[in-house]
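Student: Residue numbers (full-length UniProt numbering), protein chains in the order written: chain A, 1 to 649; chain B, 1 to 649.
No wet-lab data here; the hints were simulated from the structure.
Treat the hints loosely; a few may be bogus.
In silico lysine to aspartate or glutamate, DMTMM-like type, Cα no more than 20 Å apart, as pairs [said to hold, decoys possible]:
#1 B:K597 with A:E49
#2 B:K604 with A:E592
#3 B:K481 with A:E592
#4 A:K612 with B:E520
#5 A:K645 with B:E146
#6 A:K597 with B:E598
#7 A:K597 with B:D521
#8 B:K604 with A:D483
#9 A:K612 with B:D521
#10 B:K98 with B:E38
#11 B:K597 with A:D483
#12 A:K604 with B:E592
#13 A:K597 with B:E588
#14 B:K267 with B:E366
#15 B:K275 with B:E146
#16 A:K604 with B:E584
#17 B:K597 with A:E592
#18 B:K597 with A:E84
There are 2 protein chains.
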Amino acid sequence: MSKNNALNRLNLIQDHISQPTGPIDLANERSNASFNVEHMYWLFCGSKEFAKALSDAYQMIQRDPDLYIPGGHSFDMTQPQQRELVQRQIFRYQKVHKTLKDPLLCKALEFAMCNYSEAYSMRTYVHNTLFRQSIEFFGTKEQQDEWMDDVLNWRIIGCFAMTELGHSSFIRGLETTAIYDRVHDEFIINSPTLTATKWYSTHTVAICQTIIDSESYGINWFVVPLRDRKTGHLLPGVTAGDIGAKFGRHGLDNGWIQFSNVRIPRKNMLMKWSKVTEDGKYISPQNPAIAYTTLIGERLTVLTGTQNALGKALTIACRYGCVRRQSVDDGQIMNYQTYYVGLVPCVASIYVINVVDRIIKIQWEELIKQIHTNQTEFLKNVTDIHALSSGLKGTITWWGSEMLERCRRALGGHAYSAYNAIGPAIGDWGVNTTGGGDNFVLLQQTARYLISSYEKMVQGKRLSGSVEYFNNINQFSKIVKSDLLNEEQLYDMKYNLDMYTWLIGQKLQYLFSILSQSQEDPSVTWNNNQVSLIRLSELYSFRYCLSEYIQGLSNYQNSIPEFQNLCPILTKLGQLWSIHLIHESLKEFLEEGYFGKEQANIVKNAYFRMCKELRKEIIPLVDSWGYPDFVLQAPLGKFDGDVYKGISL
Amino acid sequence: MSKNNALNRLNLIQDHISQPTGPIDLANERSNASFNVEHMYWLFCGSKEFAKALSDAYQMIQRDPDLYIPGGHSFDMTQPQQRELVQRQIFRYQKVHKTLKDPLLCKALEFAMCNYSEAYSMRTYVHNTLFRQSIEFFGTKEQQDEWMDDVLNWRIIGCFAMTELGHSSFIRGLETTAIYDRVHDEFIINSPTLTATKWYSTHTVAICQTIIDSESYGINWFVVPLRDRKTGHLLPGVTAGDIGAKFGRHGLDNGWIQFSNVRIPRKNMLMKWSKVTEDGKYISPQNPAIAYTTLIGERLTVLTGTQNALGKALTIACRYGCVRRQSVDDGQIMNYQTYYVGLVPCVASIYVINVVDRIIKIQWEELIKQIHTNQTEFLKNVTDIHALSSGLKGTITWWGSEMLERCRRALGGHAYSAYNAIGPAIGDWGVNTTGGGDNFVLLQQTARYLISSYEKMVQGKRLSGSVEYFNNINQFSKIVKSDLLNEEQLYDMKYNLDMYTWLIGQKLQYLFSILSQSQEDPSVTWNNNQVSLIRLSELYSFRYCLSEYIQGLSNYQNSIPEFQNLCPILTKLGQLWSIHLIHESLKEFLEEGYFGKEQANIVKNAYFRMCKELRKEIIPLVDSWGYPDFVLQAPLGKFDGDVYKGISL
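The shape of chain A in the complex, shown without the other chains (with noise of 0.2 Å):
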């Protein structure tokens, strides 16, 4: 480099300024392409018309002033800038929304606007999910009718206070409690300590202890008005704050509540299920367990949530590395095998996590007709639906942290401005391994029910869904060694999910032995073996994935040619990701002697082919998810690849 002449050199500058390299290399990756990106667009929407309705809602956003962030991006605001954007979204997205015909477009509107921003799309999941659907589903007809058309204007703007200060995932332990009065017919909602602060949240359905004649009947759902309807004053005896700075989500409003023996009639009791007479008599639903079904459908919105907010972060991330050299000389960041082996994995797993995303939405929709119809069916059919959702919840938001890191990490020092997306979604995304359920205690209930399976099978019951294949599994345990012996048997998805299989069969056979052999309390028990079982959950939900993305691949191939025609690079993330599975448990293959020294190099030399095999591709893969420069927010993801012109000075 010394003594070299410097005119060359600042002659290959100038050039540099009037052609940067970027858009040349973002060209030439897009001509690596083997597949049509446009229908790999409609396919990761879910169909054609979805994905031309969600096109056409972006740019409504980006034309309309009120639902467009002015200037591009919140990273400036304050956060009350950024509480008073979200609610102006908000009520523009109300009257937009009234306006179309089309209720596609309805769909795709709201469906951008979420993915335009964490904050409006956590706010409308409050209102819309965790405050209505708790009337919608435990509200009678006549407590729908009074509230719903209010709600679904948002003339009441709900809330949901379940988590207290000192009290989350133990629903039982809330110390809030709603105390009937007779005389009154009313009931007396109080926080008796400051641990039983109403925690995150603003007006609300809360969650209490109901006591009748100072006995207690469990918890309850009560619709609490918090504030004035004409003025926003809060109402007498409730006293609620804005929980201040937060991690992320700043145009969130997340708030605190404390009830000071606030009074509400008794039919703000929701009571489709329990019930409370007038004379004070507590009526038991008949199957108690329906009042928790309603997390299932919050649990999965998980899945949504991560392809959209690691699709953003992946896109960044993807073009950047295809555009940035660490020298003159040098190639582009994206061939270190660092660098792809990070990335390639995680871009395939977002494809893996849309497929089982629309397949199980369809599963509970379907079970939850049940509800109505056949409550017992519906019961017996929900408890492995909440399993298998408790454990897709912890085990894809951790791998989402994971994801996270890797963009950033794949960022260098970029990822310390703002400006470019990553620090800030991995604000927003934390909470989602912490609330909705603690991910530890999540994937617990799961290793709960799959030991309770395998009990089950082993005294020759027969099992059904998400475990139906533990009815075979011990045939699988009868095999000591894999028989693996080259590249080609891990291209098989099958063989690989065989292989996840064994090694679950495993899991399960000692898990269940130390469990029903010991001696000890069973909770001591448990807890002496925590790390074990809630890595068994994450083993389940992950070959859960893989073989409902086996099935989805296989309804593509007979599906319309345009899919059809997608499917060879679906199998071939199809395939990077079953290796990458049997990859990330090596050492649990080794340790069971299920594998050798051999068989860990076949798996390796396969995952690290796979992925520079899929690194040819990544920036189709990732256009393919159609994230708009202006929803991405960070001038190192720009489409055109010219990333540096789009950082303002």
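Guided by the hints, dock chain B onto chain A, whose structure is given.
Tutor: Same frame as chain A, now just chain B:
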């Protein structure tokens, strides 16, 4: 739960208000200490005297209205407010500092301020270390005389302009030029392109390509005044701005600079090593490598930074874990296996890093004296410590990210609130892994050194320094199977050190043979093994930590009685850390056939056992780091355990 007498429950709640359980819990935890916490605090501080000074320093800060953060924390301040706060703290510190007669207290106050505020720490670091040390290290006697008095008294506020928008760790590729103008005896500093924009800085030592008569002589360090010292206005040709919103360190005034043909006198090039004469003759330094050695000191500071950032986060997480209960009947959540197995190894690692930090800094201080006495010897030795510092920086800061994520998860939903300090700590931390040398780049530097050292050893040369053990490493390779038969063996740290050495030997041998026998372009082979090479550097760095900890422990065994008495608990911490290293490498040991299933189980059992054993003393172990509540800035980490009371509503 249902149907129990609500009055009993309300009484229980009443008790809970009058006597929160947290303080009792922490008192119980503290009664478990097998060691003297105060003496451990001395040890952690390096000496009784410094420990005393540090306690005094903390008290000074807490009582000084300009050093103390108004309101106790900065989480609600805007970025400008945070910047103002840090500047006020810096100027106040300068005043306070001058009144202090005791040099130990001066040092302690500086240290305490850095522990108190990450932004303060980085802002003073940029001025005191990057800027000032550049002048000391690269400047002649005359240049130091000209600037140092202003620098030491903060009349000049300096920064370090190295990183460019488009260039970072590849320093030779920087685009900013310093072109010598013989007629005026000046350099013309210019940013020819957008990607040359100096990033993350304000006033500066700029690193530029040195150009004389259109010939480039490589990079040099130039002092460039940016602002009028009286008015504060930017000087002609200097364009600068704030880089705006960041992911963390909001109080730090990172800026960007563009130079448009800014003229500086020739003598502003720092000329201790390279020189440019008046007639434009370039005199190269005898040893060009010396220029890069300044960065070594920077890298070593992360060891102190890690103890501080993680020490605080772990104190918060561990105290919260010991007062929080999942349900009324349940014990402390710290007793969950996932909880203590996650946190205990982190706590142990802070003790290890503390010892390693002290040892390596003494080595570095000894070494740096050689610069002026024996440059050849210095350069011979500096290569080793350079590779070591890169390895430690990369390895420890990635481990730091992992530890912070564990702390975040340990706080459950409370981590979402900025007031519990973990979220903001994650924001502040990230740049440690990508700045000051990106970890991927640094760990490859280390790997290059390791491979070339191994090659030298193979060629019969005797190695010294951190790779001295390579001399005998091939003897280890003759062992093909571990002789591990029972847990007892694992409680010998040296036994674990030898196993780790064995593993490093395997990797070295394998990678060296691949790299030396490759028929491809060497850079291609390197890249195809990048993941393994980086892993090699991690293993080498962790092994160094363990071997130095063993050394440090033997020093304490021959130290003052107070420290001798701490050796049993320090031994336990070292045992756990050494088993942790083996546990984290289980896959690799299994892969090589060194371990079978039985050995893997022995390691896992020992690991869980040691975690459980040390969990008993986790509170005394974090208490010993001595962070006052006002430094932790997190109600959930309160010393007295009354954690919820500290949350302001």
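Student: Now tell me, hint by hint, if it's right for this structure.
Tutor: Hints versus structure:
1. A hinted pair counts as satisfied when its Cα atoms are at most 20 Å apart, and K597 (chain B) with E49 (chain A) does not qualify at roughly 54 Å.
2. With a CA separation close to 14 Å, the supplied pair K604 (chain B) and E592 (chain A) stays within the 20 Å bound.
3. At most 20 Å may separate the alpha-carbon atoms for a hinted pair to count; K481 (chain B) and E592 (chain A) meet this at roughly 17 Å.
4. Between K612 (chain A) and E520 (chain B) the alpha-carbon distance is near 17 Å, which keeps this suggested pair within the 20 Å criterion.
5. Under the criterion of a C-alpha separation no larger than 20 Å, the hint pairing K645 (chain A) with E146 (chain B) is inconsistent with the structure, at around 39 Å.
6. Taken as a hint, the K597 (chain A) and E598 (chain B) pair is honoured in the structure, with Cα atoms around 17 Å apart against an allowance of 20 Å.
7. Distance hint between K597 (chain A) and D521 (chain B) is unfulfilled; the C-alpha atoms sit about 28 Å from each other, more than 20 Å.
8. Using a Cα cut-off of 20 Å, the hinted pair K604 (chain B) and D483 (chain A) is violated, with the two alpha carbons roughly 27 Å apart.
9. This hinted pair checks out: K612 (chain A) and D521 (chain B) have alpha carbons roughly 18 Å apart, not beyond 20 Å.
10. For the suggested pair K98 (chain B) and E38 (chain B), the alpha carbons sit about 30 Å apart, so the restraint of at most 20 Å is broken.
11. For the proposed pair K597 (chain B) and D483 (chain A), the alpha carbon gap of about 19 Å is at most 20 Å, so the pair holds.
12. Proximity of K604 (chain A) to E592 (chain B) is assessed by CA-CA distance (about 14 Å); at most 20 Å being required, the pair is judged to hold.
13. The hinted pair formed by K597 (chain A) and E588 (chain B) meets the criterion: a straight-line CA distance of about 10 Å does not exceed 20 Å.
14. For the given pair, K267 (chain B) sits about 31 Å from E366 (chain B) by alpha-carbon distance, which is inconsistent with the 20 Å threshold.
15. Distance hint between K275 (chain B) and E146 (chain B) is fulfilled; the C-alpha atoms sit about 17 Å from each other, no more than 20 Å.
16. Proposed proximity of K604 (chain A) and E584 (chain B) is supported: the alpha carbons are some 18 Å apart, at most 20 Å.
17. Restraint check: the Cα-Cα separation between K597 (chain B) and E592 (chain A) comes to about 6 Å, which is no more than 20 Å; the hinted pair holds.
18. With a C-alpha separation of about 59 Å, the suggested pair K597 (chain B) and E84 (chain A) falls outside the 20 Å cut-off, and the hint is violated.
Checked against the numbered hints given earlier, this structure breaks hints 1, 5, 7, 8, 10, 14 and 18; the rest are met.
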